[in-house]
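Visitor: Sequence order for the protein chains is A and B. Heads up: the first sequence at position 276 corresponds to 276 in the working numbering, and the numbers run straight through without jumps. Heads up: the second sequence at position 149 corresponds to 149 in the working numbering, and the numbers run straight through without jumps.
Each hint should be verified, as a subset may be incorrect.
Said to hold, decoys possible - Pulled a few chain A residues facing chain B out of the computed Cβ check, cut under 8 Å:
{"id": "1", "residue": "THR69"}
{"id": "2", "residue": "PRO91"}
{"id": "3", "residue": "LEU102"}
{"id": "4", "residue": "ARG103"}
{"id": "5", "residue": "ASP106"}
{"id": "6", "residue": "ASP113"}
{"id": "7", "residue": "GLY118"}
{"id": "8", "residue": "PRO146"}
If you are wondering where the hints come from, they were derived from the structure by calculation, not from laboratory data. Quantities reported herein were computed from a predicted structural model and do not represent experimental measurements. Note that CB positions come from ideal geometry on N, CA and C, so glycine has one too.
Spelled out, the chains give:
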Amino acid sequence: MLSVTETPARPKQTATVALRGATLRFGARELWAGLDLDVAPGEFVAVLGPNGSGKTSLLKVLLGLQRLTAGSVSVCGRTPRRGSDLVGYVPQQKAFDRDLPLRGRDLVRLGLDGHRWGTALPSRRARARVDRAIESVGATAFADAPLGLLSGGEQQRLRIAQALLGDPRVLLCDEPLLSLDLAHQQATSALIDARRRDAGTSVLFVTHEINPVLPLVDRVLYLVGGRWAIGTPDEVMTSSRLSSLYGTDVDVLRVRGRIVVVGAPDAAHGDPGGSHHHHPVDDDHDDAGERAWA
Amino acid sequence: MGLGDYLQLAFVQHALIAGGLVAIICGLIGPFVITRRAAFAVHGTAELSFTGAAAGLVVADDAVAGAFIGSIVVAAAIGMLSARERERDSAIGVILAFGLGVGVWLLGKYHGFTNAATNILFGYIFGVSNDQLWLLLGVAGGVLIAMTLLYRPLLFASVDPDVAEARGVRGRMVGLAFLMVLSLTVTAAAQIVGTLLVLSLAITPAAAAQRLSARPAMVTGLSILFALVSSLGGLLASLETPSVKASVWITTISFALYALARVAGARVIVRRRVVAPAPAPA
Numbered sequence: 001m002l003s004v005t006e007t008p009a010r011p012k013q014t015a016t017v018a019l020r021g022a023t024l025r026f027g028a029r030e031l032w033a034g035l036d037l038d039v040a041p042g043e044f045v046a047v048l049g050p051n052g053s054g055k056t057s058l059l060k061v062l063l064g065l066q067r068l069t070a071g072s073v074s075v076c077g078r079t080p081r082r083g084s085d086l087v088g089y090v091p092q093q094k095a096f097d098r099d100l101p102l103r104g105r106d107l108v109r110l111g112l113d114g115h116r117w118g119t120a121l122p123s124r125r126a127r128a129r130v131d132r133a134i135e136s137v138g139a140t141a142f143a144d145a146p147l148g149l150l151s152g153g154e155q156q157r158l159r160i161a162q163a164l165l166g167d168p169r170v171l172l173c174d175e176p177l178l179s180l181d182l183a184h185q186q187a188t189s190a191l192i193d194a195r196r197r198d199a200g201t202s203v204l205f206v207t208h209e210i211n212p213v214l215p216l217v218d219r220v221l222y223l224v225g226g227r228w229a230i231g232t233p234d235e236v237m238t239s240s241r242l243s244s245l246y247g248t249d250v251d252v253l254r255v256r257g258r259i260v261v262v263g264a265p266d267a268a269h270g271d272p273g274g275s276h277h278h279h280p281v282d283d284d285h286d287d288a289g290e291r292a293w294a
Numbered sequence: 001m002g003l004g005d006y007l008q009l010a011f012v013q014h015a016l017i018a019g020g021l022v023a024i025i026c027g028l029i030g031p032f033v034i035t036r037r038a039a040f041a042v043h044g045t046a047e048l049s050f051t052g053a054a055a056g057l058v059v060a061d062d063a064v065a066g067a068f069i070g071s072i073v074v075a076a077a078i079g080m081l082s083a084r085e086r087e088r089d090s091a092i093g094v095i096l097a098f099g100l101g102v103g104v105w106l107l108g109k110y111h112g113f114t115n116a117a118t119n120i121l122f123g124y125i126f127g128v129s130n131d132q133l134w135l136l137l138g139v140a141g142g143v144l145i146a147m148t149l150l151y152r153p154l155l156f157a158s159v160d161p162d163v164a165e166a167r168g169v170r171g172r173m174v175g176l177a178f179l180m181v182l183s184l185t186v187t188a189a190a191q192i193v194g195t196l197l198v199l200s201l202a203i204t205p206a207a208a209a210q211r212l213s214a215r216p217a218m219v220t221g222l223s224i225l226f227a228l229v230s231s232l233g234g235l236l237a238s239l240e241t242p243s244v245k246a247s248v249w250i251t252t253i254s255f256a257l258y259a260l261a262r263v264a265g266a267r268v269i270v271r272r273r274v275v276a277p278a279p280a281p282a
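So that you can see chain A by itself, here it is in the shape it has in the complex:
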């Protein structure tokens, strides 16, 4: 068990996300153990690691969808709870059917009250709120078009508006740049960056690829098969640190301001049976991500 903590001491009450000795196990498989993490308001934490290392499961814990095996977790001082407005969620871009009967505006609106029972009544206040959120991400021009006809970048703008509607203190992003081209990657990450600077929203950003967000990253949480490391990119993204995390020789190169990791195994576990026992939801998700990168 190797747990390398570089967390500067932060006053506990200001942390938006606090994990203490957090451990997650599915049967015999340990995703991570003894995880300590305090995320400050406005901080941008990139969550990196190979497939099946429990990145998405960490988000599920913070969303109140997954219980820890051991340890404690709090979001703004409270136990995470399903459907909380304290947390916003931005998923990866997905393909919507061309004739899906839903406009961009409707997708955003679902972020406001889509989880409540009943039927939404027309409300001027709700409409104004949705309009403001759409405007804040520069999506006004295409918000009334059918979702299925929008580009991946346009969709992700609306996703961010959807996630920000509840005015969250913590923004959880799960590979939101996946399958976007470079210009849309930059536009999407710029929106997330603006939000955390303007409103002090903490960002946990799960990604396979750190480079598109490297300038924004305050700290990196690197998960590998039960082990983890946290610190600034310069502290964590080094050959010696990643080699000890992976338990094999890994080279970290810096080329033209980009970080290139060479020799890291794709899967979190060396044992051949390991990857078949983990949580099905996490499994689907990480596999989907892997295919898209292949």
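Got chain A; can you put chain B on it based on the hints?
Guide: Relative to the frame of chain A, chain B by itself:
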């Protein structure tokens, strides 16, 4: 006899009320059937209402009550056997095959008029009794209330399951509730157009509506309207043409509306493309 004379007759009035109720609830669930890719669930539960009807005949000499109770059993069975979305169609296939076998066996045990069970395969709209009308009214009311309660979380879970789950929607529960509603609706519709033609009220109107609008409320409204026009139009037309059955007219009108919507919808899509401009460079 002219159309005006027909409208004075109780059995015609019953048929129109029943046809209207069924059209409203079918049009209401239709958009969700398409978004959730549940067309096979509609087909499966429709055919299995034959088994429920046969069971009802054997046990209590009541095909309609049997069909409704059977539809709940079928929905629960499908829900239990398809824990994952992609298992659903195979689960329906398995239950459908076995259920039809059971239906044939049950019908063999019944010594009354088997018409009551086979009617449900083809519809017997002009034979709706007072009691059946009340039962239908109760089912339609239940479906309306359930869909009003379910509407938002069902829409969320149908179009955007991952984010819905993250926002606290219990997708599995909402999906199972919808399956129950769907099964009841389809069984009600089976009495009007027959199990084999249910798709013409539960899917075709919604498919047509989707070609014309991307607003969820507008699509639902158009879907109900198209279903009503098909159902009531088909019933009235069949009164004028004794040689052509009502179900033939209903399927024909709903298909014609779909064809028209496709032609008109192609132009709507082109216009929408213009509305959505390329994103500004960041």
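Visitor: All hints are to be evaluated individually against the structure, with a verdict given for each.
Guide: Each hint tested on the structure:
1. THR69: Result: violated, 21 Å to nearest chain B Cβ.
2. PRO91: The hint holds - PRO91(A) has a Cβ within 8 Å of chain B, the shortest such distance being about 5 Å.
3. LEU102: holds (5 Å)
4. ARG103: holds (5 Å)
5. ASP106: Interface hint status for ASP106(A): holds (6 Å vs cutoff 8 Å).
6. ASP113: holds (7 Å)
7. GLY118: holds (6 Å)
8. PRO146: With a closest approach of 4 Å, the PRO146(A) hint holds.
Hint 1 from the list above is the single one not met by this structure.
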